[in-house]
Amino acid sequence: MPHSRWISRSTLLLAGVIAAAALTACGSESNPAPTGSSSSTTGSATATTKPGGTAGTPKPGTTPDISDAASAQLCDMIKPELSNWRVQGPTLGRIGLNALVHEWALRNGGINGAVLADKPIIDRLTTKSCPDVHKEAIQALELPDLASGLAF
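The sequence shown lines up with residues -21 to -1, 1 to 131 when you count with mature numbering (1 follows the signal peptide of the UniProt record, and there is no 0).
It should be emphasised that the hints constitute simulated quantities derived from the structure, not laboratory data.
Please note: incorrect hints may appear among the correct ones.
To be verified - Computed cross-link-like contacts, DSS-like style, restricted to lysine-lysine with a CA-CA straight-line distance of at most 25 Å: (1) K58 to K107; (2) K58 to K114; (3) K58 to K98; (4) K98 to K114.
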């Protein structure tokens, strides 16, 4: 009966591919409102654009204007993770840093691309808003600066 098992598996695979294609086709080009977040965020980053750019998406090479509230939010997100990074070690801690920075960037206008294009912005923001947290983070992660820990 291996033949009937093969048919069953191939049918399941085909159904999965069709479902994935259907879900992908149903996507929209517009920016959906963020959902699923249990915490409220009051800070936001505003992206400035030059003529020819689209609002909310900075052109490559431009740095978004990030509010003081968004900087404070980044500090508030890093501070509770410091003890985890010390326990986990620098390798796992750097993965956590990447995840944290991307989550923060998504919460603040989806500026992930701009952050990756200008990684030292994370150091500038944390040094300005919370120098003690910045110092503890680079010590826990064994990095010269936070930008060095951002891989993706």
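How the hints compare with the structure:
1. K58 to K107: holds (15 Å)
2. K58 to K114: holds (11 Å)
3. K58 to K98: holds (19 Å)
4. K98 to K114: Measuring from Cα to Cα gives roughly 17 Å; hence the hint holds.
Checked against the numbered hints above, the structure violates none of them.
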